[in-house]
Amino acid sequence: MVKITALVVLKCNPDGSDPIILANASDLSSFGFFQRPSVKEFIVFFGRTVAKRTPPGQRQSIQHEEYKVHSYNRNGLCALGYMDDHYPVRSAFSLLNQVLDEYQKNFGDSWKTVQADNAQQWPYLSEALTKFQDPAEADKLLRIQRELDETKIILHKTIDSVLARGEKLDSLVEKSSDLSAASQMFYKQAKKTNQCCTIL
Amino acid sequence: MAAVATSSFRDRTSEFVSLSNTLRRIGGNTLPSPQSQPSNDPSSVTPDRSEFNKNASRIGLRIHQTSQKIDRLSNLTKRSSIFDDRSKENEELSALIKNDITSLNMAISDLQTLQNMEIVERNYSGDRVVHLTAVCDDLKSRLMNVTKQFQDVLTARTKNIKAHENRKQLFSTAISREHPLKKPPNSVTEPPPWSTSSDTSGGNLQSGSSGNGVPAGNQLRRRMATDMNPSSQFEVSMLQQVVPRQESISQGRAAALQNVESTISELGGIFTHLATMVAEQGELAIRIDDDMEESLSNVEGARSALLKYFNKMSSNRWLMIKMFLILILFLAVFIFFVL
Chain G
1 MVKITALVVL KCNPDGSDPI ILANASDLSS FGFFQRPSVK EFIVFFGRTV
51 AKRTPPGQRQ SIQHEEYKVH SYNRNGLCAL GYMDDHYPVR SAFSLLNQVL
101 DEYQKNFGDS WKTVQADNAQ QWPYLSEALT KFQDPAEADK LLRIQRELDE
151 TKIILHKTID SVLARGEKLD SLVEKSSDLS AASQMFYKQA KKTNQCCTIL
Chain Z
1 MAAVATSSFR DRTSEFVSLS NTLRRIGGNT LPSPQSQPSN DPSSVTPDRS
51 EFNKNASRIG LRIHQTSQKI DRLSNLTKRS SIFDDRSKEN EELSALIKND
101 ITSLNMAISD LQTLQNMEIV ERNYSGDRVV HLTAVCDDLK SRLMNVTKQF
151 QDVLTARTKN IKAHENRKQL FSTAISREHP LKKPPNSVTE PPPWSTSSDT
201 SGGNLQSGSS GNGVPAGNQL RRRMATDMNP SSQFEVSMLQ QVVPRQESIS
251 QGRAAALQNV ESTISELGGI FTHLATMVAE QGELAIRIDD DMEESLSNVE
301 GARSALLKYF NKMSSNRWLM IKMFLILILF LAVFIFFVL
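These protein sequence lines are chains G and Z, in that order.
Numbering of the first sequence is given in the UniProt record's numbering, commencing with residue 1 and proceeding in unit increments.
Numbering of the second sequence is given in the UniProt record's numbering, commencing with residue 1 and proceeding in unit increments.
These are computed hints drawn from the structure, not numbers from a lab.
This one's a predicted model, so the numbers in the text were calculated from it and none came from an experiment.
It is possible that some hints are incorrect.
Unchecked claim - Covered stretches of chain Z, as calculated for chain G (at least 3 residues, CB under 8 Å):
hint: 1; stretch: 256-270
hint: 2; stretch: 279-291
hint: 3; stretch: 295-305
Unchecked claim - Straight line, CA to CA, 25 Å or less: simulated DSS-like cross-link-like pairs of lysine-lysine:
hint: 4; chain 1: G; residue 1: K152; chain 2: Z; residue 2: K159
hint: 5; chain 1: G; residue 1: K3; chain 2: G; residue 2: K140
hint: 6; chain 1: Z; residue 1: K98; chain 2: Z; residue 2: K162
hint: 7; chain 1: G; residue 1: K188; chain 2: Z; residue 2: K308
hint: 8; chain 1: Z; residue 1: K308; chain 2: G; residue 2: K192
hint: 9; chain 1: Z; residue 1: K312; chain 2: G; residue 2: K192
hint: 10; chain 1: Z; residue 1: K88; chain 2: G; residue 2: K152
hint: 11; chain 1: Z; residue 1: K140; chain 2: Z; residue 2: K78
hint: 12; chain 1: G; residue 1: K105; chain 2: G; residue 2: K140
hint: 13; chain 1: Z; residue 1: K162; chain 2: Z; residue 2: K88
hint: 14; chain 1: G; residue 1: K188; chain 2: G; residue 2: K152
hint: 15; chain 1: Z; residue 1: K140; chain 2: Z; residue 2: K162
hint: 16; chain 1: G; residue 1: K52; chain 2: G; residue 2: K40
hint: 17; chain 1: G; residue 1: K192; chain 2: Z; residue 2: K322
hint: 18; chain 1: Z; residue 1: K69; chain 2: Z; residue 2: K88
hint: 19; chain 1: G; residue 1: K140; chain 2: G; residue 2: K68
hint: 20; chain 1: G; residue 1: K40; chain 2: G; residue 2: K68
hint: 21; chain 1: G; residue 1: K191; chain 2: Z; residue 2: K148
hint: 22; chain 1: Z; residue 1: K69; chain 2: Z; residue 2: K168
hint: 23; chain 1: G; residue 1: K52; chain 2: G; residue 2: K11
hint: 24; chain 1: Z; residue 1: K312; chain 2: G; residue 2: K191
hint: 25; chain 1: G; residue 1: K3; chain 2: G; residue 2: K192
hint: 26; chain 1: Z; residue 1: K159; chain 2: G; residue 2: K191
hint: 27; chain 1: G; residue 1: K68; chain 2: G; residue 2: K152
hint: 28; chain 1: G; residue 1: K188; chain 2: Z; residue 2: K148
Yeah, the Cβ is synthetic: ideal placement off N, Cα and C, and Gly gets one too.
Full structure from sequences and hints, please.
Here it is as structure tokens:
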């Protein structure tokens, strides 16, 4: 199953110092209870390093053990996503794009003046984390493709049932023509038996 | 011409000539100079037919040659693989064949007009007319076969090309994925980012990350910019992967869009198919309806006839009167005859 483990928004300084975390949301349910703090630390440090190494206007994906980290730096505002290998790359980057847009809409340019790590939670990020576990949500093209495939399957089934209907109609036509022939014979026979005894 | 003759029709003019000779000798001994006439007749007959025949034989030969070319083309398409790309030859050959087929088409239509003109002009006998039409039809059917063959070969070729493209893509992405795996193994395993010095962690991070080949183009640029020192081979191999990977996102989107578009058009086709089938079946339903109405009317008529019969049978009084009348009639006749 495809999974997002964490989403982080950072502010990257062009001078190369450590980036500052602006928002952080993670889903650590797959880790044991005692591993969670260390994983959180890992996420924070990894995020800082990757964001530091991403030049502005660049997209990047890094493989670490079984996770891929996708980062997108846009004019000093950097978004990172920690996803597993199966998450399609394109939808990952469109998701990061969306996150950045939301952030800019919500917070405007206030992030540029932040100097220390922001400890507040941004509810949109945690919502996004749960919503976008399914890559089709993030990437409209994927969703459209998936729906079209389902429709195609349904249409194939419809055509099969229409073919069966055609067969049944064929047998009905045969039976009805047999019936009409038999009824015609019946009519003639009845008329014949009536013919001979009219005199008497 | 000999080859064409032996392939589909036999030239029996010599037999015909000898037969006509024997018949003439048997039938008309009074005919003057039977020897010269047979020699004249073929020569006078053949100029009339030779025009038509010549054209027909030429066309047959060209059809034969075109079919041979089509065979060559199909062989070429089967043989050509990814690494032995002979698409230019294929295209030239197919263009050539197309030209041939169109010219053959025109020639056959010319031949047909010639035949019609000759029929009108010279009042040929019925057999000759039949023969001419038969030859024309034969040529036309052969040309149709040849065009069908050509179409099959073209479809096979497009399928081949598509398969080649797929395999090329597979190979190109597999190559770019294989390459990172061929790199030195210690670059694949990444030390944890919280190691002692940030420099080493950054460096290891980079080598590890680029060791796994996902959009590596940006990484290469970054590395050149930050002036790390990977091996030169490594750079070259990464360079080779830069170009396809850098546009992979937009290409991926374009490919996905095309997929969606083709799926939608397929769906449209399926819908029209469905509509045709339902229309056909509607006609069937109408037929069934008609049949049922007819049988209903028949059964009703039969029922009324039987009812009349039954009524006649069951009404006793009328029958008794009839019987009495018949008896009295018999008595009257009997008495009349006796008296």
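Okay, the hints, checked on the actual structure:
no., hint, in the structure
1, 256-270, "holds (count 9)"
2, 279-291, "holds (count 7)"
3, 295-305, "holds (count 8)"
4, G:K152 <-> Z:K159, "23 Å, holds"
5, G:K3 <-> G:K140, "18 Å, holds"
6, Z:K98 <-> Z:K162, "22 Å, holds"
7, G:K188 <-> Z:K308, "14 Å, holds"
8, Z:K308 <-> G:K192, "12 Å, holds"
9, Z:K312 <-> G:K192, "15 Å, holds"
10, Z:K88 <-> G:K152, "38 Å, violated"
11, Z:K140 <-> Z:K78, "29 Å, violated"
12, G:K105 <-> G:K140, "21 Å, holds"
13, Z:K162 <-> Z:K88, "16 Å, holds"
14, G:K188 <-> G:K152, "54 Å, violated"
15, Z:K140 <-> Z:K162, "33 Å, violated"
16, G:K52 <-> G:K40, "18 Å, holds"
17, G:K192 <-> Z:K322, "22 Å, holds"
18, Z:K69 <-> Z:K88, "15 Å, holds"
19, G:K140 <-> G:K68, "21 Å, holds"
20, G:K40 <-> G:K68, "16 Å, holds"
21, G:K191 <-> Z:K148, "60 Å, violated"
22, Z:K69 <-> Z:K168, "29 Å, violated"
23, G:K52 <-> G:K11, "9 Å, holds"
24, Z:K312 <-> G:K191, "14 Å, holds"
25, G:K3 <-> G:K192, "84 Å, violated"
26, Z:K159 <-> G:K191, "68 Å, violated"
27, G:K68 <-> G:K152, "33 Å, violated"
28, G:K188 <-> Z:K148, "55 Å, violated"
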